[in-house]
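J.: The primary structure of each chain is shown beneath.
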Amino acid sequence: MYSYSEFDAAFVAERNRQFRQQVERRLSGALTEEEFKPLRLMNGLYLQLHAYMLRVAIPYGTLDSRQMRQLAMIAERWDKGYGHFTTRQNIQYNWPKLRDVPDILDALAEVEMHAIQTSGNTIRNVTADHFAGAAADELADPRPVAELIRQWSTDHPEFQFLPRKFKIAVTGSPNDRAVTMAHDIGLQIVSREGEIGYRVIVGGGLGRTPMLGKVLREFVPQADLLPYLEATVSVWNLLGRRDNKYKSRIKITVHEHGIEDIRARVEERFNLIRPSFGGVDQALFEQIRAAFAPPAFRTRSSEGYHAARAADPVFRAWCDTNLAAHRAPGYAIVQISLKAHGATPGDASAAQMRAMADLAERYGHDALRISHEQNVILPHVHEADLPALHEELRRHGLATANIGLISEIIACPGMDYCTLATARSIPIAQQIATRFDELRLEHEIGDLKIKISGCINACGHHHVGHIGILGLDRAGAENYQITLGGDHTQDAALGQRTGPGFSAEEIIPAIERIIHTYLAHRTGPEESFVSAFRRTGMAPFKHALYEVEHAHAAE
Amino acid sequence: MPRDSSREFTPKVVTGNALIEGDVIYLTAADDWTRDLARAELLTDEATARLRLMMAEGQPDIVVGPYLAEVAQGADGPRPVHFREAFRSTGPSNYFHGKQAGGA
Ligand code: HEM
Ligand code: SF4
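Top to bottom, those sequences are chains V and D. Start counting the first sequence at 33; every next residue gets the next number (this note's numbering). Start counting the second sequence at 88; every next residue gets the next number (this note's numbering).
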């Protein structure tokens, strides 16, 4: 696990000291809100509908048990006993008091965490595949390079006032679990004649103008990566539109100038600055890489696991949905669903956080991950420990067996918390999950991703959901627009709108009609929802949504 | 009910978030702040509303981001018109937190 250098620790301590003073000055009246707001945002503190919200970065989604316990302590001591894990691999606290925030930041610093650059026009928390360092299909662990980028971008003097926020995601596997096609820069680790390097994707993004990224360069060698990234960000820093915040993201710059033009400018700039990167970054990278060495995997018998699978159908069902293939023999990646039917997607109580920390320590080489799907991952668990682990998860309400299924929904906070929202998203997620659980249909339906956002900013990734739901305000009432056929993986696609939206009362029945249409049209259970949609196109779904008077309601 | 005197103007309250707690507060007729929308001062006249908002803006030590929110006159005082203001006056719908739980 990577540990802060002295420089990092001193930097964070200094920032926290400054922020404590800024809060004091705001409370004493020495700072106006106009002066204070950018300062609090620089430290991840938002003001939402009902309270302040503190967004804490979890770099590339990686945590150890000590950090998870501290997050639990903060939730209990200064919040309402829970935290919300987000699609950006962050945790958000929904109820902190302004006076307490400096203490919270100090508590975070004790475990090498902070809330810096979780807001504002900076390079944000770098996200990565949540199976990093564990996945069977991985070429190389994406976290060392994510950490290198974090260090390069944190407090980078040239990049504190960019045209807009800038998000970078890294995958080390050809099966993209980091949504690299929908980030300002997506990095895909690739191999060319045995040499590891990066395919650089640029100009993806969601929000009001969703776009998939384009390949900027097929292969950037390791030694050239930071100068190449720096060149890319500085080309945009110069060209990016500051006159209109809807046109300021790099996706628009790429769109307006064309990828060829941007590529030529980046190459030119790269050639100019390359010599100034004297190789210090390479030495640093090697150090970081050593810190991410895999744990000492052990060879043990998996007999108990196989016996438990055979004997216990509940355990077996959980294994079938919630485990993923590990690179080490006898090991599994465990996905803990934070999507119990009817619960708020991504929320975990302090007790659950502690339970997960204990389990990581006992059975998981002390490693935890937060996924962009708002779940918690134990990346390294030996099969022999799975039956006991599952039993413990059950005791804490954490054994929901629904990863990849219809009830495992991504939802942004929506109008239950967010000031920008145009409608709620959480209750829609709760109702869909509850409804399909009642119908006992979700295993029959199989692989299906529903993603919900409460406004066009698309924090809930709805454009890349197999079914995307966007909450809007239509004449003073909540209204939900549906898109179909989105995909967040290496086969990334943006969903297509079905047509007019549905009211809060109509949206769940509408989703049911879509599902029944899929079940009726698929060639067989092996044809997933999104494959069936690609084959049939929109027509049968449109028909079911808008033309059938009495939809085949499920009994 | 006719709103003749102020033609286009629909009733408002002054609201914002409390500086320290961050929760929703409303300006009362007695010049202080309440956490209960029903106890807020109902503003039916545009000029008065603007004045009251300016007064709120002069209290940055209490309130953040004050604005005029549309309301209707209910039996027990102002009540929300738009669903956003309805949520602000109660709390989130996924947990019994916020105002509905009786406190910030
Ligand atoms: C205080 C609450 C939040 C605010 C004010 C906020 C604001 C925004 C805005 C304005 C955008 C659009 C950016 C653009 O199109 O240029 C956006 C995009 C996004 N946000 Fe949020 N957001 C909030 C909460 C969240 C949460 C809770 C998550 C994670 C669950 C999240 C993740 C994202 C993602 C993934 C995108 C789309 C990717 C992109 O930047 O293109 N945000 N957010
Ligand atoms: S999508 Fe809209 S409603 Fe949802 S968190 Fe983002 S800004 Fe808020």
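One or more of the hints may lead you astray.
[Claimed, not checked] Under the rule of at most 25 Å between Cα atoms (straight-line distance), these lysine-lysine pairs were calculated in the PhoX-like manner:
(1) V:K112 with D:K186
(2) V:K197 with V:K69
(3) D:K186 with V:K279
Just so you know, these hints were derived from the structure itself, not from any lab. Bear in mind that the values here come from a model prediction, so they are computed numbers and not experimental data.
J.: Each hint: holds or not?
T.: We went through each hint and held it up to the structure:
1. V:K112 with D:K186: Since the Cα atoms of K112 of chain V and K186 of chain D sit roughly 14 Å apart, the hinted pair holds (cutoff 25 Å).
2. V:K197 with V:K69: holds (17 Å)
3. D:K186 with V:K279: Judged against 25 Å, a Cα distance of about 38 Å means the pair is violated.
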